[in-house]
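Asks: Residue numbers (my numbering), protein chains in the order written: chain C, 1 to 93; chain H, 1 to 363.
Any given hint could turn out to be false.
[Claimed, not checked] Straight-line alpha carbon distances no greater than 25 Å define the calculated PhoX-like cross-link-like pairs of lysine-lysine that follow:
1) H:120 - C:55
2) H:104 - C:63
3) C:63 - H:351
4) H:357 - C:72
5) H:105 - C:63
6) C:63 - H:348
7) C:55 - H:109
8) H:71 - C:72
9) H:217 - C:63
10) H:264 - C:72
11) C:55 - H:264
12) H:120 - C:3
13) H:210 - C:22
14) H:348 - C:3
15) H:104 - C:72
16) H:105 - C:5
17) H:355 - C:55
18) C:55 - H:210
19) C:5 - H:120
20) C:22 - H:120
21) H:217 - C:3
22) H:210 - C:5
23) C:72 - H:105
[Claimed, not checked] Looking from chain C toward chain H, a few residues come up when the C-beta cut is under 7 Å (computed):
24) 1
25) 2
26) 5
27) 6
28) 7
29) 31
30) 48
31) 78
32) 84
It should be emphasised that the hints constitute simulated quantities derived from the structure, not laboratory data.
We put the CB at the ideal spot given by N, CA and C, even for glycine.
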Amino acid sequence: MDKSKVILCRCEDISLDELSQKMEEGYTTFEDLKRILRVGMGPCQANTCAHLIQKELAQFLNKDMSEVSVHKVRPLTLGVTLNQLANGDQNED
Amino acid sequence: MRTYDVCIIGGGPSGLCAAQRCAEAGLNTLLLDRSPSLGGQLIKQTHKFFGSKEHYAKVRGIDIAKLLQEKLTSFENITILTETTVVGIYEDFVVSTLHHNQYKKIQAKAILCAVGASEKFLAFENNDLPQIIGAGALQTLVNQTHVVPGETMVMIGSGNIGLIVSYQMMQAGMKVNAIIEANDCIGGYKVHASKLRRLGVPIHTKSTIKKAIGTDKLEAVEIIQLDEHYQEIPNTSRIIPTDVLCISVGLSPLHQLTSMLNAKSAYIQELGGWVPLLDDTYQCSVPGLFACGDMVGIEEASSAMMEGHLAALHVCAYLNQSHPQAAELIPYYENQLYELRNGVHGAKTLKGILKRKEAMNAQ
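Sequences and hints are given; from them, build the entire structure.
Replies: Okay, structure coming up:
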C-alpha cells in the first residue's frame, strides 16, 4: 500500500504516510499530531479525520479505541470573520 | 441579547419532537438548524418507514419531516431559525450562532442538543479522488438536488443505509455494480437486501476496498477478500469499473457541542463513537445541558423521535414547568423505546446504553 496516497485529513491534506512518520518520531496523542501536522484544524474541525486518526493511534500504541482520546473541542466550530466578531453586540436584536 | 427558556440545537426528528413538547409545556423555545429546511436526514429519505403506526410506518421520511413541522405551527412560543449554525456554547449558556455570515448570541436557561451524526470515512489508497462520496451526501445530491453523479456505482457497506441508498440510486437510473461488506453477513434488514438481490446486484461479504483507481477522477475500484480476522487474503483482489464509489460504513455521533462545555464523554463503540454521558433524564454531566437522538448513540429516526419527546419532558421538569401530560407521556415513550430496541438489532444499542450509564455513574 502506498501510504502517501491514503488521505486521513482531507481539509489539511495529510496522508497516512505523514502521520506514521510523526508517530514513529514519538508524537502519539491527537493533540501532538494536531499541533505538528494541523490534522483536524481545517474547516471540518476533525469531523472526518478524528475517527481515522484515533484508529491509527490505537493500532500504533496497541490500545483499544476507547483508550485513545481525540482533540479538545473549542469554539468556534466554523470560520467567523473578525469583522463579525468585532461588531459584537451591534449584531444583537 | 435575546433569552429563551430552552435552546434546542438541531431540527431533525429528535429536535422537532422535543420542540413540540417544550412548546406544549409553555416554554419559550428556540429551535436552531443549520439547514434551509427542518427535518434533518428525513428530508432526503424518499423511502417508507417500517414498524408500527406510532413510528410512522409506511410514511416516507420526507413526509414525516412535514408532519413533525406541522405540529409546531400553532405555537407562538417557538422561534425557529434555519440556516443558523451554532458555532459555540459557553459556560453561562450563551450560544453563539452564524446565520448568512452574521454572528449573533442568544442565552438560554437550558440547552438541548440534538445535532445527530456525521458519516464515517475510510482510509484507502487514492481515497481523495473525485466521485468518492458518503451515502448521506449522495442522498442529498440525488434525492434533494436531483443530480445523478454517474452511470455506475459501487457501495461500501451493507448496513440499512448502504442498502437503501443503493436501491434509491437504482431508482434514479444508476447501475449498482457491487455492494462490498467486510463482515461475513449483510448488515441491514433482509427485506432491503433481498430487493437488491432480486434486481441482480451482487453483494460481496468478507471483502473490502483495497484502492481506488483513476487519474483525475474515479474509474475503478480494487476489492479484496478478507479472512475471519479481517486480514486481506493474497491473490484474491479484483477490479470493478465504476463512476462513483459510495461509502456507508457507519455514523459518528456529533459530540463536539457538548464536549465544548466539558461535558463528560466516552468512546462507546456500540453507540458509534464518542458520546456525551447522560443520566436517566438525558442530562449531561453539566446541569441544564441535555442531549438526545443520534448524537448520544446511533440508532434510527424512530428512536431519535422517542428520545426527543423524552428529553424535552425532562427539560420541562428541570425548568420547573412540567408538561401537563408528563406522567403519562414519559412511561409511554420509555415503553416505545423499549419495544424498538427489543429485537436482534437493538441488542448492540442496549449494550452501548448500559456502558454509557456505567461510565456516567463511575465518574
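Asks: A separate judgement is required for each hint: does it hold in the structure or not?
Replies: Tested hints:
Taking the CA atoms of residue 120 of chain H and residue 55 of chain C, the gap is near 12 Å; set against the 25 Å cutoff, the hint holds. Proximity of residue 104 of chain H to residue 63 of chain C is assessed by CA-CA distance (about 42 Å); at most 25 Å being required, the pair is judged violated. Proximity of residue 63 of chain C to residue 351 of chain H is assessed by CA-CA distance (about 21 Å); at most 25 Å being required, the pair is judged to hold. The hinted pair formed by residue 357 of chain H and residue 72 of chain C meets the criterion: a straight-line CA distance of about 23 Å does not exceed 25 Å.
Taken as a hint, the residue 105 of chain H and residue 63 of chain C pair is broken in the structure, with Cα atoms around 41 Å apart against an allowance of 25 Å. A distance of roughly 22 Å separates the Cα atoms of residue 63 of chain C and residue 348 of chain H; the hinted pair therefore holds under the 25 Å criterion. At most 25 Å may separate the alpha-carbon atoms for a hinted pair to count; residue 55 of chain C and residue 109 of chain H exceed this at roughly 38 Å. With a CA separation close to 38 Å, the supplied pair residue 71 of chain H and residue 72 of chain C exceeds the 25 Å bound.
A threshold of 25 Å between alpha carbons decides the hint, and for residue 217 of chain H with residue 63 of chain C the separation of about 36 Å lies outside it, so the pair is violated. Note on residue 264 of chain H and residue 72 of chain C: the hinted pairing holds, with a Cα-Cα distance of about 12 Å set against a maximum of 25 Å. The straight-line distance between the Cα atoms of residue 55 of chain C and residue 264 of chain H is roughly 21 Å, inside the 25 Å bound, and the hint therefore holds. With a CA separation close to 19 Å, the supplied pair residue 120 of chain H and residue 3 of chain C stays within the 25 Å bound.
Our distance criterion of 25 Å between C-alpha atoms is met by residue 210 of chain H and residue 22 of chain C, whose separation comes to about 24 Å. Only pairs whose Cα atoms come within 25 Å are accepted, and residue 348 of chain H paired with residue 3 of chain C is rejected, the gap being roughly 33 Å. Restraint check: the Cα-Cα separation between residue 104 of chain H and residue 72 of chain C comes to about 24 Å, which is no more than 25 Å; the hinted pair holds. Of the supplied pair hints, the one linking residue 105 of chain H and residue 5 of chain C is violated, its CA atoms being roughly 42 Å apart against a limit of 25 Å.
For a cut-off of 25 Å, the pair hint linking residue 355 of chain H to residue 55 of chain C stands: about 20 Å separates their Cα positions. The hinted pair formed by residue 55 of chain C and residue 210 of chain H meets the criterion: a straight-line CA distance of about 17 Å does not exceed 25 Å. Proximity of residue 5 of chain C to residue 120 of chain H is assessed by CA-CA distance (about 19 Å); at most 25 Å being required, the pair is judged to hold. For the given pair, residue 22 of chain C sits about 23 Å from residue 120 of chain H by alpha-carbon distance, which is consistent with the 25 Å threshold.
For the hint pairing residue 217 of chain H with residue 3 of chain C, the CA-to-CA distance comes to about 19 Å; that is within 25 Å, so the pair holds. A hinted pair counts as satisfied when its Cα atoms are at most 25 Å apart, and residue 210 of chain H with residue 5 of chain C qualifies at roughly 12 Å. Note on residue 72 of chain C and residue 105 of chain H: the hinted pairing holds, with a Cα-Cα distance of about 22 Å set against a maximum of 25 Å. Given hint, residue 1 of chain C at the interface with chain H, holds; its Cβ is 6 Å from that chain's nearest Cβ, closer than 7 Å.
With its C-beta approaching chain H no nearer than about 6 Å, residue 2 of chain C sits inside the 7 Å limit, and its interface hint holds. Interface hint at residue 5 of chain C: satisfied, since its Cβ lies 5 Å from the closest Cβ of chain H, which is below the 7 Å cut-off. A least Cβ separation of about 5 Å between residue 6 of chain C and chain H falls short of the 7 Å threshold, and the interface hint therefore holds. Given hint, residue 7 of chain C at the interface with chain H, holds; its Cβ is 4 Å from that chain's nearest Cβ, closer than 7 Å.
Because the closest C-beta pair between residue 31 of chain C and chain H is about 14 Å apart, greater than 7 Å, the hint is violated. Because the beta carbon of residue 48 of chain C sits about 5 Å from the nearest beta carbon in chain H, less than 7 Å, this interface hint is met. At its closest, the beta carbon of residue 78 of chain C sits 5 Å from a beta carbon of chain H; the interface hint therefore holds under the 7 Å criterion. Against a cut-off of 7 Å between C-beta atoms, the interface hint on residue 84 of chain C holds, since the closest Cβ of chain H lies about 4 Å away.
The structure is inconsistent with the numbered hints 2, 5, 7, 8, 9, 14, 16, 29, although it conforms to all the rest.
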